[in-house]
Structure formats: structure tokens, C-alpha cells
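Could you build the full structure based on these sequences and the hints that come with them?
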Amino acid sequence: MKILHISDLHFGPQRWEESDDNLLEKINSYNADIVINTGDSTSDGLEQAYRDAGDFLNRITCKYVISIIGNHDKRNMNAHDLFKEYIGDTEIIYPSGEKEFTKKDIFLDRKKTCIKDNYTDINLLKKIKRNII
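Mapped onto the numbering used here, the consecutive letters of the sequence shown carry residue numbers 191 to 323.
One should not assume that every hint holds.
To be verified - Capping the alpha-carbon separation at 25 Å, the derived lysine to any residue pairs in SDA-like fashion look like this:
| # | residue 1 | residue 2 |
| --- | --- | --- |
| 1 | LYS264 | THR228 |
| 2 | LYS274 | GLN238 |
| 3 | LYS253 | GLN204 |
| 4 | LYS216 | HIS262 |
| 5 | LYS253 | PRO203 |
| 6 | LYS192 | ILE226 |
| 7 | LYS274 | LEU213 |
| 8 | LYS264 | ASP242 |
| 9 | LYS253 | ASN212 |
Stated by the list, open to error - Per label pair, the in silico range of CB-to-CB distance:
| # | residue 1 | residue 2 | range |
| --- | --- | --- | --- |
| 10 | LEU214 | GLU237 | 28 to 38 Å |
| 11 | PRO203 | LYS274 | 18 to 28 Å |
| 12 | ARG265 | MET191 | 17 to 27 Å |
| 13 | SER219 | MET267 | 33 to 43 Å |
I should point out that these hints are in silico values taken from the structure, not numbers from a laboratory.
Ideal Cβ positions, reconstructed from N, Cα and C, are used throughout, including at glycine.
As C-alpha cells, then:
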């Protein structure tokens, strides 16, 4: 299984849009099974930045793209709603069906994880991993 980690895309007014296609081509060239985006998809948490980040992430050809909200993404009172609308709602993954699931079946479940915020550290991730395996 190939897992690709991306982070700090920082979509927003200061973004160099001409580099997006090059980055997308590079990401897709890895043919990863899972792409994990660990936050700061936006620079400022503005709706247009969320829309642009979501459009970019949806163009990744990998079947499973998992995104976590970052501190730059939270610079807006509506950050969690915008993240959910344009990027996705993920903090922990598990299949909602029996054996097969799609990108849309990967979702946030705060009741299971008891995570109050979206900041993560390796010890928290290890704890979650033990609880779901």
C-alpha cells in the first residue's frame, strides 16, 4: 500500500495558481492508495480559499483523500462548516459498510474519537490507532 502525505497547501489570495497543475501532476504521478492532507489547506480560512482547496483536492486521482483541518484553516468563525462543505469531514476513518467503501464513506466521528479539536500529535494518533484496530 502506498500512502502519500501532503500538507500546507495554503490556498488563498497570495497563492501562485500556475504551480497548482504541476503539483497536482506530481501528486497523481505517485499512484498512491491513500493521500493524507494534514492541514493548512487554506492560508486564511476564507470561503474562496476553501472552495479552491476543495477543487484541487477533488482533482487528485487517488480513491481515498483524507484531510484534516489545520490552524490556518481555522482563521474564520465558520471554519468547520466551510471545511466540511468544500474539503471533507475527516479526523478518523472507518468503513461505513461491510467490506468496500468509497471516498464519501470516510468521515469524521467525534463521538468515537472524543477529539474536541483538530490539532493532533503523534501520541494522540497512536491512541486512536489502538482504539480502532
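Now the hints, each set against the structure:
no., hint, verdict
1, LYS264 / THR228, "holds (13 Å)"
2, LYS274 / GLN238, "holds (14 Å)"
3, LYS253 / GLN204, "violated (29 Å)"
4, LYS216 / HIS262, "holds (24 Å)"
5, LYS253 / PRO203, "violated (29 Å)"
6, LYS192 / ILE226, "holds (11 Å)"
7, LYS274 / LEU213, "holds (23 Å)"
8, LYS264 / ASP242, "holds (16 Å)"
9, LYS253 / ASN212, "holds (20 Å)"
10, LEU214 / GLU237: 28 to 38 Å, "violated (22 Å)"
11, PRO203 / LYS274: 18 to 28 Å, "holds (22 Å)"
12, ARG265 / MET191: 17 to 27 Å, "violated (34 Å)"
13, SER219 / MET267: 33 to 43 Å, "holds (38 Å)"
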